[in-house]
Amino acid sequence: MTLPAKYYTDPEIFRSEMERFYFGRWIYAGRTERIAQPGDYFLCDVAGESVIVTREGAFYNVCRHRGTRMCTVPEGTFEGRIRCPYHGWTYGLDGSLISAPNMGEEGFSRFDYPLHRVACEIWDGHVFLNFAAERQPLDVPDKFSAWNMGELKSHRRIVYDVKANWKLIILNYNECLHCPVLHPLLNRLTDYLGADNQTPTPNFVGGSMGFRDGAETMSIDGVRRREYLPGLNAEQRKMVCYYAIYPNLLLSLHPDYMMTHTLWPKAVDRTEVVCEWHFHPREMAQPGFQADDAIDFWDQTNQEDWAVSELSQLGISSRAYTPGPYSKREALLHAFDRIVE
Amino acid sequence: MTLPAKYYTDPEIFRSEMERFYFGRWIYAGRTERIAQPGDYFLCDVAGESVIVTREGAFYNVCRHRGTRMCTVPEGTFEGRIRCPYHGWTYGLDGSLISAPNMGEEGFSRFDYPLHRVACEIWDGHVFLNFAAERQPLDVPDKFSAWNMGELKSHRRIVYDVKANWKLIILNYNECLHCPVLHPLLNRLTDYLGADNQTPTPNFVGGSMGFRDGAETMSIDGVRRREYLPGLNAEQRKMVCYYAIYPNLLLSLHPDYMMTHTLWPKAVDRTEVVCEWHFHPREMAQPGFQADDAIDFWDQTNQEDWAVSELSQLGISSRAYTPGPYSKREALLHAFDRIVE
Amino acid sequence: MTLPAKYYTDPEIFRSEMERFYFGRWIYAGRTERIAQPGDYFLCDVAGESVIVTREGAFYNVCRHRGTRMCTVPEGTFEGRIRCPYHGWTYGLDGSLISAPNMGEEGFSRFDYPLHRVACEIWDGHVFLNFAAERQPLDVPDKFSAWNMGELKSHRRIVYDVKANWKLIILNYNECLHCPVLHPLLNRLTDYLGADNQTPTPNFVGGSMGFRDGAETMSIDGVRRREYLPGLNAEQRKMVCYYAIYPNLLLSLHPDYMMTHTLWPKAVDRTEVVCEWHFHPREMAQPGFQADDAIDFWDQTNQEDWAVSELSQLGISSRAYTPGPYSKREALLHAFDRIVE
Numbered sequence: 001m002t003l004p005a006k007y008y009t010d011p012e013i014f015r016s017e018m019e020r021f022y023f024g025r026w027i028y029a030g031r032t033e034r035i036a037q038p039g040d041y042f043l044c045d046v047a048g049e050s051v052i053v054t055r056e057g058a059f060y061n062v063c064r065h066r067g068t069r070m071c072t073v074p075e076g077t078f079e080g081r082i083r084c085p086y087h088g089w090t091y092g093l094d095g096s097l098i099s100a101p102n103m104g105e106e107g108f109s110r111f112d113y114p115l116h117r118v119a120c121e122i123w124d125g126h127v128f129l130n131f132a133a134e135r136q137p138l139d140v141p142d143k144f145s146a147w148n149m150g151e152l153k154s155h156r157r158i159v160y161d162v163k164a165n166w167k168l169i170i171l172n173y174n175e176c177l178h179c180p181v182l183h184p185l186l187n188r189l190t191d192y193l194g195a196d197n198q199t200p201t202p203n204f205v206g207g208s209m210g211f212r213d214g215a216e217t218m219s220i221d222g223v224r225r226r227e228y229l230p231g232l233n234a235e236q237r238k239m240v241c242y243y244a245i246y247p248n249l250l251l252s253l254h255p256d257y258m259m260t261h262t263l264w265p266k267a268v269d270r271t272e273v274v275c276e277w278h279f280h281p282r283e284m285a286q287p288g289f290q291a292d293d294a295i296d297f298w299d300q301t302n303q304e305d306w307a308v309s310e311l312s313q314l315g316i317s318s319r320a321y322t323p324g325p326y327s328k329r330e331a332l333l334h335a336f337d338r339i340v341e
Numbered sequence: 001m002t003l004p005a006k007y008y009t010d011p012e013i014f015r016s017e018m019e020r021f022y023f024g025r026w027i028y029a030g031r032t033e034r035i036a037q038p039g040d041y042f043l044c045d046v047a048g049e050s051v052i053v054t055r056e057g058a059f060y061n062v063c064r065h066r067g068t069r070m071c072t073v074p075e076g077t078f079e080g081r082i083r084c085p086y087h088g089w090t091y092g093l094d095g096s097l098i099s100a101p102n103m104g105e106e107g108f109s110r111f112d113y114p115l116h117r118v119a120c121e122i123w124d125g126h127v128f129l130n131f132a133a134e135r136q137p138l139d140v141p142d143k144f145s146a147w148n149m150g151e152l153k154s155h156r157r158i159v160y161d162v163k164a165n166w167k168l169i170i171l172n173y174n175e176c177l178h179c180p181v182l183h184p185l186l187n188r189l190t191d192y193l194g195a196d197n198q199t200p201t202p203n204f205v206g207g208s209m210g211f212r213d214g215a216e217t218m219s220i221d222g223v224r225r226r227e228y229l230p231g232l233n234a235e236q237r238k239m240v241c242y243y244a245i246y247p248n249l250l251l252s253l254h255p256d257y258m259m260t261h262t263l264w265p266k267a268v269d270r271t272e273v274v275c276e277w278h279f280h281p282r283e284m285a286q287p288g289f290q291a292d293d294a295i296d297f298w299d300q301t302n303q304e305d306w307a308v309s310e311l312s313q314l315g316i317s318s319r320a321y322t323p324g325p326y327s328k329r330e331a332l333l334h335a336f337d338r339i340v341e
Numbered sequence: 001m002t003l004p005a006k007y008y009t010d011p012e013i014f015r016s017e018m019e020r021f022y023f024g025r026w027i028y029a030g031r032t033e034r035i036a037q038p039g040d041y042f043l044c045d046v047a048g049e050s051v052i053v054t055r056e057g058a059f060y061n062v063c064r065h066r067g068t069r070m071c072t073v074p075e076g077t078f079e080g081r082i083r084c085p086y087h088g089w090t091y092g093l094d095g096s097l098i099s100a101p102n103m104g105e106e107g108f109s110r111f112d113y114p115l116h117r118v119a120c121e122i123w124d125g126h127v128f129l130n131f132a133a134e135r136q137p138l139d140v141p142d143k144f145s146a147w148n149m150g151e152l153k154s155h156r157r158i159v160y161d162v163k164a165n166w167k168l169i170i171l172n173y174n175e176c177l178h179c180p181v182l183h184p185l186l187n188r189l190t191d192y193l194g195a196d197n198q199t200p201t202p203n204f205v206g207g208s209m210g211f212r213d214g215a216e217t218m219s220i221d222g223v224r225r226r227e228y229l230p231g232l233n234a235e236q237r238k239m240v241c242y243y244a245i246y247p248n249l250l251l252s253l254h255p256d257y258m259m260t261h262t263l264w265p266k267a268v269d270r271t272e273v274v275c276e277w278h279f280h281p282r283e284m285a286q287p288g289f290q291a292d293d294a295i296d297f298w299d300q301t302n303q304e305d306w307a308v309s310e311l312s313q314l315g316i317s318s319r320a321y322t323p324g325p326y327s328k329r330e331a332l333l334h335a336f337d338r339i340v341e
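Protein chains in written order, with this note's numbering: chain A, 1 to 341; chain B, 1 to 341; chain C, 1 to 341.
In isolation and in its complexed conformation, chain A is listed as follows:
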């Protein structure tokens, strides 16, 4: 049976889920290509918590003097130091306090005031953060080395504001039973009953789906307009892998590109979803490279999914809602609900 309504409507449960899943687990923050050069950084906003992500690690964006947020430009390059715009306290890229003007007080030591750190790990081009004091090692699928995800580059990014609880978006991603009704276009390319799912783990679930005859990738017409990603074998070229890495990365590996959805909950009934399409740089360098066939296809599918997720949010908020029955084909959803409960 589906979960009681409160998991999708109660602001208190939402707050506690943010602590458990977003501030207590590894979360996906962005791609290493954004911090390719020394001094490069990007800001990651996690539920209003601003983090400065650099090659040397990640730091809370908070000056130790009067608590000022120091950095507001979403990404850029530091020239060797981070300086607070209020009174000029200045930090090294390793977070150490280098200078604090006019703080010549007895007993003041700059070594007492380094920036606060956030734990940071990298998995094949994906940067993960962890705010918790005690943490498990990063646990991700170990079967995607052939895709060489670390080499891929983001080509396009679309941000969606979805009026639905973050878990409804994961539930929607975790089953294709809705595909024939909701996604006629997608349903022409893959068989919704043909998913080959891996046994769910506490940190991720997912599986692969093959193509129907004639289709070679997920695109507006099933035609593949780019070379296969280098490294894929014959079998890997014939499937898409859909993995939900909890809580906020939906990883969709296609024969010729990678799609990522990142989930940033804004309220119990609202989630920002960042969708990005990543390609091999060799393809992107081709004259005439284009990816609209893949982008338009998933943009339309995304919009169908967000619309029905919003309808789920509205219906579950009804006083008439009671948990309904899952079928066996919705087993991944039940596995996720078990983690949430």
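Since the hints were made in silico from the structure, they are not lab data. Warning: the hint list may mix true and false statements.
Identical chains blur together in the list; that is why a pair holds if it fits in one copy or across any two.
Below are the DSBU-like pairs computed for lysine-lysine, each with C-alpha atoms no more than 30 Å apart in a straight line [as the list claims (entries may be wrong)]: (1) K266 <-> K163; (2) K266 <-> K238; (3) K143 <-> K163; (4) K153 <-> K238; (5) K6 <-> K328; (6) K238 <-> K163; (7) K163 <-> K328; (8) K328 <-> K238; (9) K6 <-> K266; (10) K328 <-> K143; (11) K143 <-> K266; (12) K238 <-> K6; (13) K153 <-> K143; (14) K143 <-> K6; (15) K153 <-> K328; (16) K238 <-> K143; (17) K153 <-> K266; (18) K153 <-> K6.
On a predicted model such as this, the values are computed, not experimentally measured, just so you know.
Go by the hints and put chains B and C onto chain A.
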């Protein structure tokens, strides 16, 4: 004395009033003319709760599978069934579940998952809903058969967003003592001291008012531009009946038309008011039929009433507010306050 | 050390501070020039509480009958009486109820229903209000008689919507340690280490700052384009006095003009700041009088201050924020924090 401020400012009291008055009593939902043909429906939104109103009854707009809101178009005609856009569960117009694709589980019976019903009654063209498990019979005035309200058709609808508690709008409707100060135009047509009020009941209050010399209806100049409603006797042709049917229908019966106000509270300090003008279809079919004299008159009066209701909301929210004295001419207000307390 | 985050982020503490500081102390409401003639009034909105300020005193803007807010035009002149727009209850300018139409009830006495008063005091052209039942005498600096503040007239008014707690704006005003980093323009005119601060009191703090060589006032280029205020001696002509009069008046006295900031908190993390520039009427009457040099200078400085106050608000809201160390040059801030705690 007037009620303490909390009845108009406390969100908790507002929530409990919504339960008592809107989810615990019969509420007015709309007119039967909107469901004239088989399959016709309209959606009624009661404090975020969406109800599908059909000729066969009213249903919560919530699929029994995953809780999806199924229907979003405000009104239309079903072709014999209601289908959820997510996974295709399909219901008959009587709410029974007809098919549930891919739910071939052992132990699953479609008879366990009909749509949840909302009680529905019709009074002379007015559709009423009741969400409560235990309900009193619908209790409405029994003196309006001569007006044949069921025959009348809506000609015009204006929606107002009023920044005032719903009860302030009822209190404003229930007395005309403010008419000489606030409504100079209206005051030329009727004598504010001439109301003939019925003894208040727990479910409605109201009375009739005659016209001043020369006026024949409530219109911009007191001139009546339409035939009397068929069925009215000489006495009924010379008065307007103003009835507040709690909690959300203000019914104003004129010699030549019917006006309804429907109150939809949005917050403790905000109410959507839908005003509709209904006429006899024979008049509406006349070449050159127009009703601007009645619509403009009441639109202006409405706006004066909403403005002063908003000022009441603001003043009652003051820390200086203390209950003030009602005069004897405000007896209907005191009667309503007694129900609220 | 700076205060814990809750003083800047907790809505409950904000509400209690509003009671203590805004409804429990004398607050600055406006200038006497707005009520220069008999019958003149202006409305003062204190956290949603509307007050009618007149020459005869200040009154809650609430009719004693049904609690209606009576007056909505921000300023104007009453013709001898205040009349409620709902049922016509009419009050004298002293707040007494003069007439109450249709209230001929036995036992009703108009003497029982005067308008509720708010205490009102005037200090050299500044109007102060006090909502508290028990109040201390108004306590303001006694050293500014030479400036003849009561004679000055407002020339320009700019309203800022600052997304920061009201106290952060006071803390920002109370120190110039940030000036070299944040205000390069201002820093060319005054020496940030040259403040001569008075011993802080529970009701106000402040001090004076001299000019750097060549500057004569705070203006875009340090040039003074207006006569010195009459009454200033040689010493007073060479300094700016910056006083924070708690909770909501920041008073900045220049050799040739007065600037006031008034703080109106809207939420724990939002404050409306009204900045006004006041000049001597003799100067304002000069042909070719202009004050853009002073207005543009402070408008730019204001915007720098609000931007960094908003960054403080954001950073202090971080889960990583911990109180940081004040230097000796931030002593006035520590004194204010002691009052707040």
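Consistency of the hints with the structure:
Taking the shortest alpha-carbon separations for K266 and K163, both the intra-copy value of 9 Å and the inter-copy value of 19 Å come in at or below 30 Å. For a Cα distance limit of 30 Å, the shortest separation of K266 from K238 qualifies neither inside one copy, at 37 Å, nor across copies, at 53 Å. In this assembly of identical chains, the alpha carbons of K143 and K163 never lie at most 30 Å apart, being 34 Å within a copy and 47 Å across copies at closest. Within a single copy, K153 and K238 get their C-alpha atoms as close as 22 Å, which meets the 30 Å cut-off; across copies the closest is 62 Å, which misses it.
Taking the shortest alpha-carbon separations for K6 and K328, only the intra-copy value of 24 Å comes in at or below 30 Å, while the best inter-copy value is 48 Å. Taking the shortest Cα distances, K238 and K163 never come within 30 Å of each other, neither inside one copy (34 Å) nor across copies (53 Å). In this assembly of identical chains, the alpha carbons of K163 and K328 lie at most 30 Å apart only when taken from the same copy (28 Å versus 50 Å across copies). Proximity of K328 to K238 under the C-alpha cut-off of 30 Å is restricted to the intra-copy arrangement: shortest distance 25 Å within a copy versus 69 Å between copies.
With identical chains, the CA atoms of K6 and K266 are at most 30 Å apart both within one copy (17 Å) and between copies (21 Å). Taking the shortest alpha-carbon separations for K328 and K143, only the intra-copy value of 26 Å comes in at or below 30 Å, while the best inter-copy value is 59 Å. In this assembly of identical chains, K143 and K266 lie within 30 Å of each other by CA distance neither inside one copy nor across copies; the values are 32 Å within and 52 Å between. When the C-alpha separation of K238 and K6 is checked against a cutoff of 30 Å, the pair qualifies neither within a copy, at 41 Å, nor between copies, at 55 Å.
With identical chains, the CA atoms of K153 and K143 are at most 30 Å apart within one copy only, with a shortest distance of 20 Å there and 67 Å across copies. Taking CA atoms no more than 30 Å apart as the test, K143 paired with K6 passes in neither setting, with 36 Å inside one copy and 46 Å between copies. When the C-alpha separation of K153 and K328 is checked against a cutoff of 30 Å, the pair qualifies neither within a copy, at 37 Å, nor between copies, at 51 Å. Taking CA atoms no more than 30 Å apart as the test, K238 paired with K143 passes inside one copy only; the shortest distance there is 16 Å, against 75 Å between copies.
In this assembly of identical chains, K153 and K266 lie within 30 Å of each other by CA distance solely inside one copy; the values are 27 Å within and 45 Å between copies. For a Cα distance limit of 30 Å, the shortest separation of K153 from K6 qualifies neither inside one copy, at 39 Å, nor across copies, at 42 Å.
Checked against the numbered hints above, the structure breaks hints 2, 3, 6, 11, 12, 14, 15 and 18 and satisfies the rest.
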